[in-house]
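One line per chain: the protein sequences are W and S, in this order. FYI, the working numbering numbers position 73 of the first sequence as 73, with every residue one higher than the one before it. FYI, the working numbering numbers position 46 of the second sequence as 46, with every residue one higher than the one before it.
Some hints could be false.
What the hints assert, rightly or not - Calculated cross-link-like contacts (lysine-lysine; reagent style DSS-like; alpha-carbon spacing at most 27 Å):
| no. | chain 1 | residue 1 | chain 2 | residue 2 |
| --- | --- | --- | --- | --- |
| 1 | S | K57 | S | K42 |
| 2 | S | K83 | S | K42 |
| 3 | W | K56 | W | K68 |
| 4 | S | K78 | W | K70 |
| 5 | S | K42 | W | K68 |
| 6 | W | K110 | W | K56 |
| 7 | S | K57 | S | K83 |
| 8 | W | K67 | W | K56 |
| 9 | S | K78 | S | K42 |
| 10 | W | K56 | W | K70 |
| 11 | W | K110 | W | K70 |
| 12 | S | K57 | S | K78 |
| 13 | S | K42 | W | K67 |
| 14 | S | K83 | W | K56 |
| 15 | W | K110 | S | K42 |
What the hints assert, rightly or not - Far from chain W by the CB rule (all over 12 Å, computed), these chain S residues:
| no. | residue |
| --- | --- |
| 16 | P70 |
| 17 | K78 |
| 18 | K83 |
| 19 | V112 |
In short, the hints are calculated from the structure, not lab data. Backbone N, C-alpha and C fix where the C-beta goes; we use that ideal spot for every residue, glycine too.
Listed here are the chains, written in short residue letters.
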Amino acid sequence: GEDVEQSLFLSVREGDSSVINCTYTDSSSTYLYWYKQEPGAGLQLLTYIFSNMDMKQDQRLTVLLNKKDKHLSLRIADTQTGDSAIYFCAESPTTSGTYKYIFGTGTRLKVLA
Amino acid sequence: EPEVTQTPSHQVTQMGQEVILRCVPISNHLYFYWYRQILGQKVEFLVSFYNNEISEKSEIFDDQFSVERPDGSNFTLKIRSTKLEDSAMYFCASKDRGYYEQYFGPGTRLTVT
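From just these sequences and the hints, can you work out the full model?
In structure tokens form, the structure reads like this:
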């Protein structure tokens, strides 16, 4: 069945780059998403990529996809204290007619000043 | 910017009681979802709703759960007789036709005592 895995914690210094990793198992075409959750807030969509792409860049965010290994990463350049949050990876197989999401556990990013 | 809203933000109830969690999706969206996150665990899909009917439900979504779109704006999740293990954060999401990304509300924290 489908599964999405993430590491639980990441700590970086302000100004450094952060790389948050995710692996997924679904073998069909899929959309892959990154969401950010700040304390007390909902899930904010950051970016997404389709599984036939290798990379997507959006300002400080870069998504890299290794299709062979089913490995997705989110790189945040020049990480700021405001980037401290939980980051969720999610996939939405196109074979799912309902477009439901399968989430990872979330990675808690802590940015040290 | 349009957003998904959820009420209440926190609900405390006694075991065996009925609860209704409310969501107002983004107004022109047609696909609606409920997810839940038990503390420390993954965000899990519960149910999807389209064209006034359930389009998919997970194993978690048993007979104790029901969803309804009672009017043109609200989308509700009812738990008929709550159990301790229903304690979780419940997220509502909505999606527009022709797009894949879902927009999430801030969640309702349900505590069953």
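Check each numbered hint from earlier against the structure, then list the numbers of those it violates in ascending order. 4 and 14
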